[in-house]
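A.B. asks: Protein chains in written order, with my numbering: chain A, 1 to 114; chain B, 1 to 904.
Because the hints were derived from the structure by calculation, they are not lab data.
Incorrect hints may appear among the rest.
[As the list claims (entries may be wrong)] Straight-line distance between alpha carbons at most 35 Å, and here's what the computed DSBU-like set of lysine-lysine pairs gives:
1) B:Lys700 <-> A:Lys74
2) B:Lys64 <-> B:Lys92
3) B:Lys720 <-> B:Lys571
4) B:Lys700 <-> B:Lys605
5) A:Lys86 <-> B:Lys56
6) B:Lys765 <-> B:Lys571
7) B:Lys64 <-> B:Lys605
8) B:Lys605 <-> B:Lys571
9) B:Lys700 <-> B:Lys765
10) A:Lys17 <-> A:Lys74
11) B:Lys475 <-> B:Lys92
12) B:Lys605 <-> B:Lys671
13) A:Lys17 <-> B:Lys56
14) A:Lys74 <-> B:Lys56
15) A:Lys17 <-> B:Lys671
16) A:Lys86 <-> B:Lys720
17) B:Lys56 <-> B:Lys92
18) A:Lys17 <-> A:Lys86
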Amino acid sequence: MKDSDVRQGTLALMVLKTLDVLGPLHGYGIARRIEQISGDLLTVNQGTLYPVLLRLVQEGSIASEWGASDNNRKARFYRLTRQGRKQLQAETRTWEQTTAIIGRFFAAKEEDLR
Amino acid sequence: MKAVRRLLQRLISWTRASRDEEILRAEIDEHIAMQTAENLRAGLPPLEARRQALLKFGSVEAMKESYREQRSLPLMETLAADLRHVVRRLRKTPGFTAAVLLTMALGIGANTAIFGVIDSILIRPLPYPRAEELVGVSHTAPGLPGLGAAGLTCSASMYFTYRDANQTFEHFGVWNIGGASLTGVAEPEMPRALNVTYGVLDAIGVKPLLGRWFSQADDTPGSAETVMLSYGYWRRRFAGDTSIVGRTLTINSTPHTVIGVMPEAFRFQRDPELILPQRFDRHETFLGGFGFQGIARLKPGVTMAQANADVSRMLGIWLNAWAPNPGIDPAIFQNARLGPRLQPLKQDIVGDVGTALWVVMGTLGLVLLIACANVANLMLVRAESRQQELAIRAALGAGWGRIAREMLVESITLGLLGGALGLGLAGAGLRFLAANGPDTLPRLDEIGVDPVVLAFAVGVSLLSGALFGVIPSLKYARPHVAAALRGMGRTYGQSRERHRARNTLVVVQVALALVLLVGSGLMIRTFQQLRSVQPGFTHAEEVLILHSLAPNAMANEPERVMRMHHEIMDKLAALPGVRSVGFGSAAPMESFLTGFGNPVDAEDKRIAEGQVAPARRIRRIAPGYFSSVGTRVVAGRDMTWTDLYERRRVAIVSENLAREWWGDPRAALGKRIREGGAADPWREIVGVVENVYDDGVQVKPPESVYWPALMDRYIWTGDKEFAVTSGMFAIRSNRAGTEGLLAEARQVIWSVNGRQPVFLVTTLKALYDQSMARTSFTLVILAIAGGMALALGIIGIYGVIAYSVSQRTREIGIRTALGAQPAGVLGMFVRHGLSLAGVGAALGLVAAVGLTRLMSSLLFGVTALDPVTYVTVSAVLIAAAVLASLLPARRAMTIDPVQALRAE
Numbered sequence: 001m002k003d004s005d006v007r008q009g010t011l012a013l014m015v016l017k018t019l020d021v022l023g024p025l026h027g028y029g030i031a032r033r034i035e036q037i038s039g040d041l042l043t044v045n046q047g048t049l050y051p052v053l054l055r056l057v058q059e060g061s062i063a064s065e066w067g068a069s070d071n072n073r074k075a076r077f078y079r080l081t082r083q084g085r086k087q088l089q090a091e092t093r094t095w096e097q098t099t100a101i102i103g104r105f106f107a108a109k110e111e112d113l114r
Numbered sequence: 001m002k003a004v005r006r007l008l009q010r011l012i013s014w015t016r017a018s019r020d021e022e023i024l025r026a027e028i029d030e031h032i033a034m035q036t037a038e039n040l041r042a043g044l045p046p047l048e049a050r051r052q053a054l055l056k057f058g059s060v061e062a063m064k065e066s067y068r069e070q071r072s073l074p075l076m077e078t079l080a081a082d083l084r085h086v087v088r089r090l091r092k093t094p095g096f097t098a099a100v101l102l103t104m105a106l107g108i109g110a111n112t113a114i115f116g117v118i119d120s121i122l123i124r125p126l127p128y129p130r131a132e133e134l135v136g137v138s139h140t141a142p143g144l145p146g147l148g149a150a151g152l153t154c155s156a157s158m159y160f161t162y163r164d165a166n167q168t169f170e171h172f173g174v175w176n177i178g179g180a181s182l183t184g185v186a187e188p189e190m191p192r193a194l195n196v197t198y199g200v201l202d203a204i205g206v207k208p209l210l211g212r213w214f215s216q217a218d219d220t221p222g223s224a225e226t227v228m229l230s231y232g233y234w235r236r237r238f239a240g241d242t243s244i245v246g247r248t249l250t251i252n253s254t255p256h257t258v259i260g261v262m263p264e265a266f267r268f269q270r271d272p273e274l275i276l277p278q279r280f281d282r283h284e285t286f287l288g289g290f291g292f293q294g295i296a297r298l299k300p301g302v303t304m305a306q307a308n309a310d311v312s313r314m315l316g317i318w319l320n321a322w323a324p325n326p327g328i329d330p331a332i333f334q335n336a337r338l339g340p341r342l343q344p345l346k347q348d349i350v351g352d353v354g355t356a357l358w359v360v361m362g363t364l365g366l367v368l369l370i371a372c373a374n375v376a377n378l379m380l381v382r383a384e385s386r387q388q389e390l391a392i393r394a395a396l397g398a399g400w401g402r403i404a405r406e407m408l409v410e411s412i413t414l415g416l417l418g419g420a421l422g423l424g425l426a427g428a429g430l431r432f433l434a435a436n437g438p439d440t441l442p443r444l445d446e447i448g449v450d451p452v453v454l455a456f457a458v459g460v461s462l463l464s465g466a467l468f469g470v471i472p473s474l475k476y477a478r479p480h481v482a483a484a485l486r487g488m489g490r491t492y493g494q495s496r497e498r499h500r501a502r503n504t505l506v507v508v509q510v511a512l513a514l515v516l517l518v519g520s521g522l523m524i525r526t527f528q529q530l531r532s533v534q535p536g537f538t539h540a541e542e543v544l545i546l547h548s549l550a551p552n553a554m555a556n557e558p559e560r561v562m563r564m565h566h567e568i569m570d571k572l573a574a575l576p577g578v579r580s581v582g583f584g585s586a587a588p589m590e591s592f593l594t595g596f597g598n599p600v601d602a603e604d605k606r607i608a609e610g611q612v613a614p615a616r617r618i619r620r621i622a623p624g625y626f627s628s629v630g631t632r633v634v635a636g637r638d639m640t641w642t643d644l645y646e647r648r649r650v651a652i653v654s655e656n657l658a659r660e661w662w663g664d665p666r667a668a669l670g671k672r673i674r675e676g677g678a679a680d681p682w683r684e685i686v687g688v689v690e691n692v693y694d695d696g697v698q699v700k701p702p703e704s705v706y707w708p709a710l711m712d713r714y715i716w717t718g719d720k721e722f723a724v725t726s727g728m729f730a731i732r733s734n735r736a737g738t739e740g741l742l743a744e745a746r747q748v749i750w751s752v753n754g755r756q757p758v759f760l761v762t763t764l765k766a767l768y769d770q771s772m773a774r775t776s777f778t779l780v781i782l783a784i785a786g787g788m789a790l791a792l793g794i795i796g797i798y799g800v801i802a803y804s805v806s807q808r809t810r811e812i813g814i815r816t817a818l819g820a821q822p823a824g825v826l827g828m829f830v831r832h833g834l835s836l837a838g839v840g841a842a843l844g845l846v847a848a849v850g851l852t853r854l855m856s857s858l859l860f861g862v863t864a865l866d867p868v869t870y871v872t873v874s875a876v877l878i879a880a881a882v883l884a885s886l887l888p889a890r891r892a893m894t895i896d897p898v899q900a901l902r903a904e
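The task is simple: from the sequences and hints, build the whole structure.
C.D. replies: Right, here's the structure in full:
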């Protein structure tokens, strides 16, 4: 798996979680939210978000429609679809399992591995 | 599932790319606007707010690129973009495009056409169900001298034995092709008839369109006479009337009931029009009489070896079960040592035409290679002129693969376009060939463009496109950026390395062209040798040949038959413009009517007990035959009408037979010979005539015997009189070949014989040409291929020299300014051209020595290493190369140093 694939995968999961928590949101809003939560740990260019959004739309996990933003401008809003919600649940589980395994793995002492 | 959905989405968005692009742009603008507003709220000045927003967003173009890549199908999109570029560039250089397309169209078209021929003749299975189970049944007979390559066919008695005793055949039958007269109609005619025993149609397994097949009852002598029609004949002659089944036709003067019509798809050798049941009477069947082809369908799972063993076993049964023909020594059959010779039916039909076809295919493949080399050369020049552009693109970050891909897209586009044009050419060519091809090509009517041929054309197009595209893209797709950018100025000189690829291509071209030219040269020599053979007749174009029958009612009165033929001859001779008329059982080169012959022995050349005398070609003739066809009487005299009407036992033999037995034509006069052994009376040789090349001029003329057309008794009629009933009139006239003479001759014949069909109408010239058809066919194709190869080779040399002159203009200017003589400049370029041609020719000579050996079976009178051909061809090629380099070199000579130096 290439590095960008990993990052894209994580980013996608973050997008889904954001939409799950905050409801329909435009691209800028999603970017801001991820920045806030990750505490600038993820210093990605905001632009890289859009290919991820496209991918999720294509997969049917999220849908988009045009609406008015806070300051009454036209903006494209993304929302989670039912399939996206299912995907989020599944991936959250997988993610938790993975992190648990990895965590245990790193926590293990040398003799445990023998 | 998700992947499928995504692919679908991508496909959809591919079709609305420009709209999506706008949406994306709006979305990005909006994002940046929001970030800017945020920054403004944070207190940044407006310009800085926007700058920070843009920085935070990152590279818009890079993001767009990756967005696009995800949005739809990037490969297809760049492909489409490349294609658009390519088309634009090709349209900007119509001369180059036309040259490449024409070259490729010719190369691919020729190859596709000949592959179409090979596919339909050699590759495609026969149009019968489970055709691989069908075998042709014939025999080897090492004890029979003079047997042709086709082997010994089947006799009626073999039919009975094989049908009754075989263990490996599902069906077995025998057949032969002949004519059958159709009379009692306005235009009596002689349709081609296929005579089949019960079992032949069952073996083939093609169901009739209307009516039914023959049953075993149709085979039995004494039952009602029946006939089947081919689809084509039914449509042509009876307008496709479905009520034809059950109607009665007069065939061979006997009423026959039509029982069925075969479907359109039914094919058989020599394209029969009628199918008649072949009837044998068990009580009048003997060992001999091998006039039938055997066909069998093997039982499922039976191998060829098992079937051969089965036939071998049955031959033993057969030899004991049947009596020899009356008057023939039974030992002859013992000593013939018959053996089985089964082969797949396809091989039976196709015969040895394969060699010629593969030679032609190989030839045209070489032409295509040369064409590819030529186009590759053009592409190299083109890529070279784009070098700066390519370098800039590389400097801006275009990957090697991206540039190579575009170059390949260009070449493959050219290949496919050329291939499409070529396919059109091939289709037209095949239609022409199917209509006008040499009769010696079997299965000619099956030729056409089918999916296999189409796939071949596409494959060859792709391959050639890739072939001539890969060389420039390997060479130029990874440019040495710095060198290329710097080099465009005047400091850039000529490096040897830049020329190497093009020089190599030209050398390859010349070498291949030489191979092809040697091939066509050898065929030309063969053709010359064949033309110089004196075929045993003269001015063949003046001789009209037509065949006719005596009415069945006369069959038992040989003298009446002969007098009728005589009357027709006299009346024909009285037609305006007719110089002489001959009559005989078959014309020269109509060996398909005479068969390979019958054993003849001489009174003073006794052969050992139980041995067979060698077979000799037999013709039965009336006086005037030799003078009409133009065969010289070498010794003695022609026959006379008195010989015939008084039933004198006389004979005429060919010169080679006289020499074989008595050493000299004169010595043969007065000697006595007979046909088929002791049952035939001795007949005295009264004349010796020159040899006739009956099997075609490339085959040794057969030793021939001519009997009178009317005889008191004959081996085949026992003690009864014999006259030729189905015979040929040879009319020598300067009006031969005109409709007028033919119509008059037909009227004359009908006025005497009561409207019997006139058939096998031709001229002696046509028979002669037919015998050379395969040679002339191969010759024409090879000559065209050789011509094309030479032209392409010359263009190749011309191109390289011309380009080199244009590149070295400055250098030449300097040389001239420093005092170089024009002749020296000229010599420099001509030497370059010559050295290319010389190396190519040397390589070509080596290749030709190896490759032309493959075509030695097509040659006549020359060896594959004929020095005259090799020397001539090399000389022609070198001369052409000098010429091709002289033209551009002359331009170099006229370069004005002042202008050349100022130009840069």
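A.B. asks: Decide if the proposed pair is consistent with the structure: Lys17 (chain A) and Lys74 (chain A), CA atoms, cutoff 35 Å inclusive.
C.D. replies: holds, 24 Å
A.B. asks: Run the distance test for Lys765 (chain B) versus Lys571 (chain B): straight-line Cα separation, threshold 35 Å.
C.D. replies: Holds: Lys765 (chain B) and Lys571 (chain B) sit about 24 Å apart, inside 35 Å.
A.B. asks: Sort out whether Lys765 (chain B) lies within 35 Å of Lys700 (chain B), counting only the CA atoms.
C.D. replies: Since the Cα atoms of Lys700 (chain B) and Lys765 (chain B) sit roughly 19 Å apart, the hinted pair holds (cutoff 35 Å).
A.B. asks: For Lys17 (chain A) and Lys671 (chain B), compute the direct alpha-carbon distance and say whether it is at most 35 Å.
C.D. replies: Not satisfied, since the Cα-Cα distance of roughly 117 Å exceeds 35 Å.
A.B. asks: Given the hinted pair Lys86 (chain A) and Lys56 (chain B), is their alpha-carbon gap at most 35 Å?
C.D. replies: The given pair, whose Cα atoms are some 32 Å apart, holds under the 35 Å limit.
A.B. asks: Run the distance test for Lys720 (chain B) versus Lys571 (chain B): straight-line Cα separation, threshold 35 Å.
C.D. replies: This hinted pair holds, its Cα atoms lying about 29 Å apart.
A.B. asks: Given the hinted pair Lys86 (chain A) and Lys720 (chain B), is their Cα-Cα distance within 35 Å?
C.D. replies: violated, 105 Å
A.B. asks: Take the C-alpha atoms of Lys64 (chain B) and Lys92 (chain B), compute the straight-line distance between them, and say whether it is at most 35 Å.
C.D. replies: holds, 31 Å
A.B. asks: Between the alpha carbons of Lys74 (chain A) and Lys56 (chain B), is the straight-line distance 35 Å or under?
C.D. replies: Given pair Lys74 (chain A), Lys56 (chain B) holds - Cα atoms ~21 Å apart, limit 35 Å.
A.B. asks: Under the criterion that the straight-line Cα-Cα distance not exceed 35 Å, is the pair Lys17 (chain A), Lys56 (chain B) satisfied?
C.D. replies: holds, 23 Å
A.B. asks: Hinted pair, alpha-carbon criterion (35 Å max): Lys700 (chain B), Lys605 (chain B). Please report holds or violated.
C.D. replies: holds, 23 Å
A.B. asks: Between Lys475 (chain B) and Lys92 (chain B), does the CA-CA distance stay at or below 35 Å?
C.D. replies: Roughly 23 Å separates the two Cα atoms, so the pair holds.
The structure shown violates the earlier hints numbered 1, 7, 8, 15, 16 and 17.
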